[in-house]
Amino acid sequence: MHIVKRILLGVVVVLLLFTTLFLVFVGPWPVYKDSRYRESAYYKDALAAVDADAALSNFTDTPEALRAGWGVRIITPSIGLPIAGYGARKDGMRSQGVRDDLKVKAVSFTDGKDTVVLVGVDMLIIPPNIAEMTVDKVASRIPLASRNLYFTASHTHCGPGGFGPGLAAKFTGGTYNPSVPEFLSSSFADAIVEAWQNMKPAKLAHGTVDARAYIRNRAREHGDVDPNLNYILVEQESGRKCYITRFSAHPTNFGSSMMQFSAEYPGALMRSLEQQTNATAVYLGGGLGSMSGKGIEADGPDARVELMGKTLADLIVAASASPKFTDRVDIASLAVPVGVPPFQARPLSPKWRLSPLAAKLIGLPNEGFVQGARIGDLLFVGLPFDTSGELTRQWREEKAAAGWDLWVTSFSRAYLGYLSPEKYYFETNKRGQLDYEIGFMNWLGPNSTTYFKEILDRVVMQLGKSAPTLAAAP
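Quick note, the sequence shown lines up with residues 67 to 540 if you use my numbering.
Calculated directly from the structure, the hints in this document are not laboratory data. If you're wondering where the values come from, they're calculated on a predicted model, not measured in any experiment. Please note that the accuracy of each hint is not assured.
[To be verified] BS3-like, lysine-lysine: derived pairs with alpha carbons at most 25 Å apart:
#, residue 1, residue 2
1, K465, K417
2, K465, K489
3, K266, K390
4, K99, K489
5, K519, K489
6, K519, K110
7, K489, K417
8, K376, K307
9, K531, K519
10, K426, K236
11, K179, K156
12, K236, K266
13, K99, K496
14, K417, K99
15, K203, K266
16, K390, K307
17, K236, K156
18, K99, K110
19, K376, K179
20, K531, K496
21, K99, K390
22, K390, K376
23, K465, K519
24, K426, K110
25, K236, K390
26, K489, K390
27, K110, K465
28, K99, K426
29, K531, K110
30, K531, K417
31, K266, K179
32, K531, K179
[Stated by the list, open to error] Here are the computed distance ranges between Cβ atoms for each label pair:
#, residue 1, residue 2, range
33, E105, A468, 23 to 31 Å
34, V97, E198, 26 to 34 Å
35, V164, E105, 46 to 54 Å
36, G232, W418, 21 to 29 Å
Here a beta-carbon is modelled for each residue, glycine too, at the ideal position from N, C-alpha and C.
Could you put together the complete structure from these sequences and hints?
See below:
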């Protein structure tokens, strides 16, 4: 009997210890309803970092003649390496083939004093380790620093996996393979250096097409969308051309059964633009949160990918048929790490959250990264999220009133889940549940959108110090 009591006591102790550890490291924990971020050190530090990095640019109303160049590298991994995008993929996410090549494309701009390179990549996200490695490799070869490089990803769900350590990266990208970030960062650096070395006298034009017929709000049937199909046309004196385009629909025509690498519809868009115009085409992922494609009737995902790409390319070609070029634009840029509010994922109930320690256990980053770039009256702000298309549309319209053409992009050197309108943060369905994007994928609490909007406003204020005026090219 004494032995039985000791065994029972041991079982109780083990259960209590397990329960305690589970509550501490996993949860549930009570939610917080106000991060009070304005009282935090990370808020003040973030604004100060934006101010300091922006101050390194030379602002002028009389910039020198524009020079621009571009570079391209194929980044398709070896077959058998993981394919990133869906946790439901089988067989360790090991790829089985290549439908179409993945690429990194870089476009470098300088006004004679400042330089910025826009980098578009056929990947799910821009992992922080790869961005950091790329910055170091570029800096060892040419006089560019972190603040000169603006990274974006297309968000293809058929891109390179194995890119980062940690459970979170493994869930979406498969088992970490150190050869992947080494290969990708070297390819990124090569494309950036090529773009910088190829800069020549150039002019640019830009515009926007209303493509609402091809995008929907997948989270809310009657919710707003970001309908903007943005484009820039760059032309060197020799006649060589480059298009840069941005759109916000998720590239998810292929589902989890797709085991071949593919750039998805953004790749088809770029191929169609290049075939129609003999230009290089670059794609930047916009406000993808809640946004999906629509309006493309085709027989199967392969045909749908190609038709969606060509349809969007046709819109850009038509819109840019009579471009209004300029050859004098002020260039400025910044790139800064920023602290974030406390972790708060609510996958099961709006009243309970996962433990803050869970974020560390699964390898989520403990800070974000914000990028900014100015090219004349174009302003780019990169945020480390699937940023809601509802937000990016609203912010673009707000800044347009002051004369700016604002392009908000996602996946800025880190991934911190979804950034959604705060009016939805406590909204539940008839069963009292949060939707997937708000409950499971919104990781930073109820004030995170307001916090990052203040940072965006600060970026726009600092990079927009001189007036958004353009001098026409001859």
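Verification of the hints:
Distance restraint check for K465 and K417: the Cα-Cα separation of roughly 36 Å exceeds the 25 Å cut-off, and the hinted pair is therefore not satisfied. Taken as a hint, the K465 and K489 pair is honoured in the structure, with Cα atoms around 21 Å apart against an allowance of 25 Å. Taken as a hint, the K266 and K390 pair is honoured in the structure, with Cα atoms around 19 Å apart against an allowance of 25 Å. With a C-alpha separation of about 13 Å, the suggested pairing of K99 with K489 holds against the 25 Å cut-off.
Between K519 and K489 the CA atoms are separated by roughly 14 Å; this keeps the pair inside 25 Å, and the hint holds. Among the hinted pairs, K519 with K110 is consistent with the structure: their alpha-carbon atoms are about 14 Å apart, no more than 25 Å. Between K489 and K417 the alpha-carbon distance is near 17 Å, which keeps this suggested pair within the 25 Å criterion. For a cut-off of 25 Å, the pair hint linking K376 to K307 stands: about 19 Å separates their Cα positions.
With a C-alpha separation of about 18 Å, the suggested pair K531 and K519 falls inside the 25 Å cut-off, and the hint holds. Restraint check for K426 and K236: satisfied, since their Cα atoms lie roughly 14 Å apart, inside the 25 Å limit. For a cut-off of 25 Å, the pair hint linking K179 to K156 is broken: about 50 Å separates their Cα positions. Among the hinted pairs, K236 with K266 is inconsistent with the structure: their alpha-carbon atoms are about 42 Å apart, more than 25 Å.
Simply put, K99 and K496 have alpha-carbon atoms about 22 Å apart, close enough for the 25 Å limit, and the pair holds. Restraint check: the Cα-Cα separation between K417 and K99 comes to about 10 Å, which is no more than 25 Å; the hinted pair holds. This hinted pair checks out: K203 and K266 have alpha carbons roughly 23 Å apart, not beyond 25 Å. Among the hinted pairs, K390 with K307 is consistent with the structure: their alpha-carbon atoms are about 15 Å apart, no more than 25 Å.
Note on K236 and K156: the hinted pairing holds, with a Cα-Cα distance of about 13 Å set against a maximum of 25 Å. About 21 Å separates the Cα atoms of K99 and K110, which keeps this hinted pair within 25 Å; it holds. Proximity of K376 to K179 is assessed by CA-CA distance (about 38 Å); at most 25 Å being required, the pair is judged violated. A distance of roughly 48 Å separates the Cα atoms of K531 and K496; the hinted pair therefore is violated under the 25 Å criterion.
Taken as a hint, the K99 and K390 pair is broken in the structure, with Cα atoms around 49 Å apart against an allowance of 25 Å. For the proposed pair K390 and K376, the alpha carbon gap of about 24 Å is at most 25 Å, so the pair holds. Distance restraint check for K465 and K519: the Cα-Cα separation of roughly 12 Å lies within the 25 Å cut-off, and the hinted pair is therefore satisfied. For the suggested pair K426 and K110, the alpha carbons sit about 24 Å apart, so the restraint of at most 25 Å is met.
Straight-line distance between C-alpha atoms of K236 and K390 comes to about 46 Å, which puts the hinted pair past the 25 Å bound. This hinted pair does not check out: K489 and K390 have alpha carbons roughly 40 Å apart, beyond 25 Å. Taking the CA atoms of K110 and K465, the gap is about 23 Å. The hint holds against a cut of 25 Å. A C-alpha spacing of about 22 Å is found between K99 and K426, which places the hinted pair at or below 25 Å, so the restraint holds.
With a C-alpha separation of about 21 Å, the suggested pair K531 and K110 falls inside the 25 Å cut-off, and the hint holds. Proposed proximity of K531 and K417 is contradicted: the alpha carbons are some 44 Å apart, above 25 Å. A hinted pair counts as satisfied when its Cα atoms are at most 25 Å apart, and K266 with K179 qualifies at roughly 15 Å. For the hint linking K531 to K179, the alpha-carbon distance of about 16 Å falls within 25 Å, and the restraint holds.
Distance hint check for E105 and A468: the Cβ-Cβ separation is about 29 Å, which falls inside the suggested range of 23 to 31 Å. The hint said 26 to 34 Å for the Cβ distance between V97 and E198, and at roughly 33 Å that hint holds. Range check, V164 to E105: about 51 Å between beta-carbon atoms, so the 46 to 54 Å window is met. A C-beta distance of roughly 24 Å is found between G232 and W418, which places it inside the suggested range of 21 to 29 Å.
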